[in-house]
Structure formats: C-alpha cells, structure tokens
Amino acid sequence: MELSQLTAHELLDKLKNGQAAPKGILDSLCARMQGLEPKVKAYARFKSADKLSLNAQAGGLLAGLPITIKDNICTEGLNTECCSKILENFRPPYDATVISKLKSAGCSIFPLKANMDEFAFGSSTENSYFGPTHNPWNLECVPGGSSGGSAAAVASDEAIWALGSDTGGSIRQPASFCGVVGLKPTYGRVSRFGLIAFASSLDQIGPITKDVEDAAILTRVISGYDPNDSTSVNQDVPDYVESLGKDIKGLKIGIPKEYFIEGMDAQVKSVIEEAINKLKSLGAVSGQVSLPHTQYAVPVYYIIATAEASSNLARFDGVQYGYRAKSDSLIEMYKKTRAEGFGEEAKRRIILGTFALSHGYYDAYYLRALKVRTLIKNDFDAVFKDFDFIVAPTSPTPAFKIGERAQDPLKMYLSDIYTISVNLAGIPAISIPCGFTKDGLPVGLQVMARPFNEEMLFRLAHAFEQNTEWHKIKPRL
Amino acid sequence: MKYQTVIGLEVHLQLNTKTKAFCGCPIEFGQVPNSGVCPVCLGFPGTLPVYNKEALNSALKVALAFSCQIQEHTKFDRKNYFYPDLPKNYQISQFDLPLSRNGYLDIISEGKAKRIGITRVHLEEDAGKLIHESSASLVDFNRTGVPLLEIVSEPDLFSPQEAFDYLTNLKNIIEYLDVSDCDMEKGSLRCDANISLRPEGAKELGVKTELKNMNSFKGVKDALTYEVIRQTEMLESGRAMAQETRLWDADKGITVSMRNKEGAKDYRYFPDPDLTVFIIDQDMVSGIKAKLPELPQEKIRRFMQEYGLSEYDAKILTSSKKDAQFAEECIRKYPGTDKKTMVNWLIGPLLSESNSRKLNLYELNLNKDELISLIGFVENQSISHLSAKLVLTQMIDSQKPAGLIIKENNMLQISDTAELEQIVSAVIQENEKSVSSFKSGKTGALMFLVGQVMKKSAGKANPKLVGDLVKRRLTDA
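Protein chains in written order, with numbering that gives the first Met the number 0: chain Y, 0 to 476; chain F, 0 to 476.
Treat the hints as calculated values from the structure; they're not laboratory data.
Quick caveat, the model's predicted, so the values are computed rather than measured.
We put the CB at the ideal spot given by N, CA and C, even for glycine.
Careful: at least some of the hints might be erroneous.
[Unchecked claim] Take a look, some chain F residues computed to stay more than 10 Å from chain Y by CB distance:
#1 Asn88
#2 Asp273
#3 Lys339
#4 Ser424
#5 Thr442
[What the hints assert, rightly or not] Simulated crosslink set (DSBU-like; lysine-lysine; CA at most 30 Å straight-line):
#6 Y:Lys471 x Y:Lys248
#7 Y:Lys346 x F:Lys185
#8 F:Lys78 x Y:Lys325
#9 F:Lys211 x Y:Lys334
#10 F:Lys78 x Y:Lys346
If we strip away everything but chain Y, and leave its shape as in the complex, we get:
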C-alpha cells in the first residue's frame, strides 16, 4: 500500500520505526494528487503537485506528519481565503491556535488549503470561488459541505488527515458523504482563535480522519483552553486514545423518534437501523427518545447563524485586506467590493441575517430564535439524564448530484436537518462510516454525547469501527 493510503497512526508507527520519512509521505501524497486532484478538486488552489514542499517540524508527537487544513483556518504566510474572492490572496500574519498546537506537536501544515463552500456557507462545496469539489465515491456527486475539500482529500488519500469546521454539520455531513470520520467537538473544547468566523456561537474546528483512532489523536492535540478565545472552556483534555478499545456493554443509546421521519432516504434508513443493531449486539442498550423541538432547529439555525454571519462578514470591506473594487468614493468602494467579492450564497445569508437583526424584526426573529435554541438545548439535557448517547443518521440522504440542489436553497438547507441541533445545543457529535447505498455511496452514523464527553464518543465509535469493515473500504479512483 502507498504511504498516502495509511492512517496517521499507522504512519506514526512507521515514522518511529524509521520505515517512513516525512519526505516520503509528502512524495506519496503528491503523486496521488498529481493523478487525482484534477478529478476530485479537493484543494483550493491546486495547479501541480510538483513544487510542493513541507516545512517539516522537528520531532514531536506527530513527527512531521502533514495535515490538510480547511481554507477558513488561519495559517501564517499561507493563503487563507475562505474560498471567497473577497479574501483573494489573504495571507494571515498569524496562526490559528489549532495550527500553533499542531506545529508544536510536530505536525507539518500542508501548503495547499482544502476547498470549502465560501465562508462555510453551504452543504455541498459547490459555493466555492475556486469551483466545486467532487465526491471520490462518485465524481458526479458533491462531497458534502462545507468542509467538502477536507473530507474528499482524506477519502481519496490526497491527505493523511484534515481539519474542518462545523457550524451546522460542516464536518459531519461531508464525512458521512465521503465515508470518513468527522467530529464536531463540544462548543468551547477547541479554540476558535484563527478560525474565520461564520457563526461565532456555533462554529467549532474538528478533525476529519480515516479512522476513529486518528480522530482521537488529533482532537487531543487541538483541544484545550485558549486565553485568546473567551468562549473556550478551561477544562482538562483527557487522553482520548486511552478510551479506545473499551467495550460498550450496558451503555445506553437513545434513538430520537423525530429523526426517523419522512424525507429520510429508505436506504439510509436501513443502513442506520443495521448499524444500531450492530451497536446493540456489542452490548449497548437502546431506547426511543424524543427531542420535541427538532422541527424548529433548521429555522432557528438559519436565523442565528445568518445574523451572526451578517455581522462577522461586515469586516470584508476592501479597506485593509483582500479584494478591493476600484471606485471613486468610499460608499461606492464598499458596495462594489462586496457586490463583486461575495458569491450568491454569502449575499443571501448576509441579507437574511441583516433582516433578522433589523429594528422591528429583532424580537420576532432573532430573540425568539435564541429562546427556541434554549428549548432545543433543554431537549438534549433531558435525554442525556437517562442516556449516554443519541444515535441518528448524519444526513437524511447520501451524497447528491452536483447541481441538483444548487438552485433550491431550501432543499439544500434541509441537508443539515440532523446535524444542526447539535451545534445549537453545543454538544459533541461524531460521524462514522456505517455502510453504503446500493449505488455505492457511503452512509454516516451520527453519535451525540453530553458536553465534554468526546471520550465516550470515541469509545463507542471505536467499538463500532473495530467490529465492522466499512472504514477500510476505499473509493475506486
């Protein structure tokens, strides 16, 4: 097997034994990219893999292993453009906290950034200034989004592992569509400093990996309190790898009745049911639970997320950095820069959010959405009194065709119906491969847990993974 096809923990073993070197891993990745990237387009600015080099870090836990970073996480001196024209050629003079942590653990930051929906606005990676990414399992399909580039890169072995960001499902849904592992950590577990904000109260950075052990290793490295992020929580980071390999006998999994409803693909449903049976056969105890406010999650999310986004994106005005349109007056410059710099979906969300916060509408929309958000969180708190996990599909459908939903934003928004509540409640959730549709598209199983219970997620996910083969199946490319 090529080095690029191995998991991070397998490569770490090889690096320790001297069976591999960072250079060899890079070469293997580049060879892979040279052949595949023109088809998959997982990276934002790929031209050729010829001249790529790594700033290999000396030693450390991660021993020079390269990692692929989503285009909205700041990397010092490397283009960080959120796949938007408005941030054209923006090179931050600083690293995000997660990047500093990775570097000090010995990780090498891959010089090309992963493709994404512009500013993470989307569920298909079609809204990228650099064009869409293709799903490695079916190149006519979307990889999911918004971290579609990260997920596709990992699934196609164009990356060893990657970081994504998840505001409403942007790690889990593409992980599910691409047959890889994706974790949205508890809000506050991972520093947001250096993550270019979409919706500050929902965003979290998380790992996209080939297996659960890699996710555990990576989560450990990037987690922890950061004095530069007031919303990060000062709580010890456990050694997640230690929780792997433990059995799941007697652990209680709740199946939310509101998630198994019309609109869910029949094949997805049967794959998920099988996965739940597998968990039960491993000793987990299941029961039906209710999250009664689920139906409000999508509208609440699209009010809160767009409201925050409308303000977060106000800084992209052409004054200090990024794209600036030529014009004679300040107001014209603002208008033209933003009209030309932002894509369709970004404009749609800025307008939605501006409206929701406007005088006369604030109480009816934003304030009410905040209240319902509390009710949604309470739903989860109630279930977690009796259950250790909630298990559900990650997405109601497998990957859809490129272009299929591009003209129907409402249908696109429903792609995230199972993932959004988790962000609103601030809890952690993981998506792991759990089977395929008849057409060979991966299906992801989503597992949610109590805040700061990532350990338990890894334990359950690892138990499932060790007793199934899904994660070992690679797309034929």
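The hints should help you fit chain F onto chain Y, whose structure is shown.
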C-alpha cells in the same frame, strides 16, 4: 411664550488602562500612526476579543463613584455600522445590559445644589481616527480598541451653565479616581449634548437636537447657548423643529446641521457571541468600593472639619485632585500651631498667583518647604506681608529659595528700634504740617506719617513697630 431648556449629556471617556479593551496592545499617546496595533484590534479575520479586566475595574470605579447600581449580569453587544475607522464594521459596546445604571452626580450651579441623574455607565471600544487630507482620507488605528466609558446623564440639566458645571464636577471626580486623562483637547474626554426646548410647565420633552464636535467644556456651553437662542427663534416663528444632529463650529460660533440621518439609523445591536454574558462578582464590587479614593464631597467635608476651612474655601481647594493634594501636603507640613495661617496663604496669595497665571495651584511648581520658610519670615516679622507677596511671585518665576530672594533684594524688615527711630525723626522733621494737624486732632495724619516712614525705608520697616514709634513720638512731644 417662555421656554424651558432641557439638556442631557453623553460623555465618552478614554480609560487610561495599560492595554486596549479587547487585545494586548499597550496604550500610548503620540505613537507613529498605525504602530500601536495588532491583528485583534485591526479586526483581522479569525481574531477574537478578550475583555480587559483592568478596564472593567476602572469602569466599576466610575460607576460606584456616581452611586450607580452595578448589574449582576452584563454582556457586550455589537453595534453594527460601516465606517473606515471601525475595522470590524461593528463596535463592541453595551446595549440592554450595561454594567451599571441609575446613578447621580450632585452639582452646585449658580449657588444652587442640584442632583443630576446618571442613566447608565457602560464600557465600549473606541474607533480609530480619520485624518482628512486634500487628496485622500487617512486612517490611524492606534486609538482603535482603547477602552471607552460612556456616561449618559438624564435630561436633568436646565441651562448651558448647569451643563458646564456638571462636566466640571464629573471631570473632577474622574480625576480623583485616576482612571482617565480627561483631556478634551486630546480627545480622552468627549461630550455630545442633547438639547430641546419646551414651553415652561410642559411635561413632554420637545424635539431634540444632538450636538457634536465640541472640544472644550466652554465649547459645550457656547454651543448649547447658541442652540437655546436658535431653537427659541425657531419655536417662536412657529417653524417645525426636526430631530437632527448638528455640529458645533467653534470658529464661527454656530451650529451647522449634519446629514439628517438619525431616523433611519439602525445599528442592529445583538449580543457579541465572542464575549459571553458574564456575572459581575459582587465581592469584587465591594472590594473596589472599599478602595475608592476620597471623592470631592468627602474631602470638602473633611477639610472643613480638620483644617477649619469654610465650605467655600474647601471647595476651591478641592476643585482639582492635584490641587487638593498639594494644599493638604502644605497644610500637613506646616509646622506652626495655627494651620489657618497656611490655609490663608493657600486661598490668598497662592490662589491669586495661580489665577493670574491661569494655572492650577500645583502647577505653580512651588517647593512646599520654601513656601513654609517664606511664611516663617512673615510670622517672625522678618519681612512684611507686602514683601512676602513679592517674594512669592519671584519664587514662582525664578524657582529660587525664599531666603535668597529676600537677601538679594535686601528685603529683611527693619525691626531695629534705633535704626527706625532715625527714620521716624527724619520724617517728623520733614512733615511738620502733618505733625501739627495730628496734634490738632486729625488722627488720619498718623497713617500718613507711617506711610512716609515705610516709603523712606523702601518698604522694609516693620509697619507695626513704625506705627508704635510714630505714635509715641507724637504723643510724647
């Protein structure tokens, strides 16, 4: 018709904290433009604010000094608007949960005591500074993110003079707290005024005008005085008043209407998701309260009790913190038994020196020991009171010691009876007319003769001794 003027003031105060409100940039004045900045205060993508505890501390001091109610919960909100001096295109401020409310400031205006309500004191960040040149406008972000305190008064001020006195008192208290430079010219204290007129006896407020661009307390008073006249004329001529913002033009002495945009302005305030709601620790508040310095009101009371000052004198000496400190040090240092002697010097010759030089007492740079030494010369009758005033003037001008000035100017009082007798004899011989008029009962002649002796001695004769000597000579003869 008679109209009542109603004024409310909004004071913005730059806090003199070591670092900015939401980042670690040190605050220094007079830096090269755009050198005191970092990615956070420049609002670069991905950066996050972290509030400055020292700024909160200072804000609480001010709120407590104005007897405000400190809120248990407070939060920061975003005030959204586009302007080139605002790098994020929103200002972090406080909207519906300011850190304190409902305070007051007692003032004395035109001899009358009055309590002015303080609606709220809240914390926010300052914007940058625009410098308009003929060909372009430049922006300096050094000021961006400096902590700013907004102190909003109730519409309790009924004349421009009251507004002026309110500001003077407010500034004095802030100086006592040592939390701001309070320099209107440097912009560390800024004041906007809302003014409206209503028919005498009416309860409803009239249509208000917001006045901006005043850069001194006098400017505030002048602008308000101008507005009273302008609005009175408007109302009397029956023209409709429009709510508007007007700029004070200090050179022309008029207010000019700014773009009338108030009605349409919508700042879309919402809670800043980067800074979570936080609880103000009531123990910390009690701690700050206990450590508040002595404020003017208390100091006045104490000066009256401890040093036997009249209320009037005590107020004069405490009207600035540094003057009060200077005065108190002088009084404490003064070795004489009757402290009143020093007090009389302070409110007499020293104050008249400071008034004529348009300086504060402490700015006279007077060495306290030298002042005490000067008073000593007077008390032991070595120099006359008159000479002492001349010495004081020279001490301030030349910074020379009192003794040296007296010596150089040969000012030591002649208290040698033999020497004085000679001068007295000469004067009596030269003024026979006066001598005889005294003898004929015109006592006023005595003063004339004493005056002649003083003149002959070049002011150095001990006037009391001279009086005795002349009187004895005239009555003896």
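- Item | Structure-inconsistent hints, enumerated in ascending order | 1, 2 and 7
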